[in-house]
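J.: Chain by chain, the residues:
Number of protein chains: 2
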Amino acid sequence: MRYWKPTRVPPNIDVSVLRLGHRLVRDERISTHIGLVSRAFGAKRLILTGADDHTADSIERVRDRWGGTFEVSYTKKWRDVVTNWEGIVVHLTMYGEALNDVLEKIRKDLGQQRNKPLLLVIGAEKVPREIYAMANYNVAIGSQPHSEVAALAVFLDRLFMGGELYSTFDKAKLRIKPSARAKEVEIANEN
Amino acid sequence: MRYWKPTRVPPNIDVSVLRLGHRLVRDERISTHIGLVSRAFGAKRLILTGADDHTADSIERVRDRWGGTFEVSYTKKWRDVVTNWEGIVVHLTMYGEALNDVLEKIRKDLGQQRNKPLLLVIGAEKVPREIYAMANYNVAIGSQPHSEVAALAVFLDRLFMGGELYSTFDKAKLRIKPSARAKEVEIANEN
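First to last, the protein sequences are chains B and E. With our numbering, the residue at position 155 of the first sequence is 155, and numbering never jumps. With our numbering, the residue at position 184 of the second sequence is 184, and numbering never jumps.
Extracted from the complex, chain B is given alone in its bound form (with noise of 0.2 Å):
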């Protein structure tokens, strides 16, 4: 059987998460990991929706500690971030195509007209009806029920074929030596 290499440079994608469906305090914990995986897997900013909460908090510390340019906003009115988005809308669900057979349709479709940015939507546990017909695509990540963050990371890793793991942030107080064994962590411009 021969293995997958990840690419060393990911395709140049420009991503933005955008976030149905959260409800206050119940959803902060689970937003903030959407916030988060959408940072460490190569996207370039997360739009919340509903009321402002601790979520764009943690997620810009994280930020302001280990570097990057990844943007927090929120919206009152999705609806016209989806209608309006001059790209490819492609909405997370378990009820969609399976990402094994529409991945290189999407891709395709990026690169066509010098490299439309990608919205992906990403719903919590009820999402309103209307964003399957609102998407470009409907994608599942498996067929079975598991987890956005998990549906979120997947898409991205498969979106940037592994090579989004090699990227580096900019201007990190912080900053992780790999290794097989220990905990080690380098601070740098902290100041």
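Source of the hints: derived by calculation from the structure; they are not laboratory data. All C-beta atoms, glycine included, are put in the ideal place defined by N, C-alpha and C. Keep in mind that a hint or two might mislead.
[As the list claims (entries may be wrong)] Calculated from the model, a selection of chain B residues having no Cβ within reach of chain E, i.e. all distances over 10 Å:
(1) LEU20
(2) ALA56
(3) ASP57
(4) THR69
(5) VAL81
(6) GLY87
[Said to hold, decoys possible] Facing chain B, according to a computed beta carbon distance under 8 Å, are these residues of chain E, among others:
(7) PRO6
(8) ILE30
(9) HIS33
(10) ALA40
(11) TYR95
(12) LEU99
(13) ASN115
(14) ASN138
(15) ALA153
(16) ASP157
(17) ILE176
Once you have looked at the hints, place chain E on chain B.
T.: Okay, now just chain E, sitting in the frame of chain B:
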């Protein structure tokens, strides 16, 4: 750039997941995600530490409706589970060796001596330091803070080479028909 094609039939690897450091109530939801991801992405069982709560119930309810034989158990002696493991122990942590470098080594180790079983150790925010020495491998899915749910999903997706997304689950009462636009669920064996 050449793109990776998922394998149709995942490599036959017996994976158990050990969830460390689960704190009651606070971690229930994340631990439930850990369990559902384990099941959906091809692991066979989840071992929870700490006191019994609703986590096992939630996961078993999903298994009973969506099929398969995924097992959940509790242990008060996780050190014994790790020490007595007759196979390979992989600890997922942001401080470990890079997944992109180490996965093929793990694959080789597993293949030697008639397919050893794999124990995947997933910590919560705090993990006992000794696990770094007890594991055969400490593996980082990117050296950035993100989510243990994401780390688990990406590790399993890479390990099973995407083939786990083709898996079916026996005795399912509910089954989804993948669809570009609709939520289509087949109800079978409902009795």
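J.: Would you mind marking each hint as holding or not holding in the structure?
T.: So, going through the hints one by one against the coordinates:
Every C-beta of chain E lies more than 10 Å from that of LEU20/B, the closest at about 15 Å, which supports listing it as non-interface. Non-interface call for ALA56/B relative to chain E: holds, since the shortest CB-CB distance, roughly 16 Å, exceeds 10 Å. No beta-carbon of chain E comes within 10 Å of the beta-carbon of ASP57/B; the shortest separation is about 15 Å. With a cut of 10 Å on Cβ distances, THR69/B stays outside the contact zone with chain E, its closest approach being about 14 Å.
Consistency note on VAL81/B: stated as away from chain E, and its beta-carbon is indeed over 10 Å from all of that chain's, at 20 Å minimum. No Cβ of chain E approaches the Cβ of GLY87/B within 10 Å, the least distance being about 19 Å, so the stated non-interface status holds. The interface hint given for PRO6/E is met, as the beta carbon of that residue sits about 5 Å from the closest beta carbon of chain B, less than 8 Å. For the restraint placing ILE30/E at the interface with chain B, the shortest Cβ-Cβ distance is roughly 7 Å, inside the 8 Å limit, so the hint holds.
Restraint check, HIS33/E versus chain B: the minimum CB separation of about 4 Å is within 8 Å; hint holds. Contact between ALA40/E and chain B, as hinted, is supported at the beta carbon level, the nearest pair being about 4 Å apart and thus within 8 Å. Taken as an interface hint, TYR95/E checks out: its beta carbon lies about 4 Å from the nearest beta carbon of chain B, inside 8 Å. Annotation: interface hint on LEU99/E holds; nearest CB of chain B at approximately 6 Å, less than 8 Å.
Interface restraint check for ASN115/E: the shortest CB-CB distance to chain B comes to about 14 Å, outside 8 Å, so the restraint is violated. Below 8 Å, beta-carbon pairs count as interface contacts, and ASN138/E has one with chain B at about 6 Å; its hint therefore holds. Among the interface hints, the one on ALA153/E holds; its C-beta lies about 4 Å from the nearest C-beta in chain B, closer than the 8 Å criterion. Annotation: interface hint on ASP157/E holds; nearest CB of chain B at approximately 5 Å, less than 8 Å.
With 8 Å as the threshold, the beta carbon of ILE176/E comes within range of chain B, its nearest partner Cβ sitting at about 4 Å, so the hint holds.
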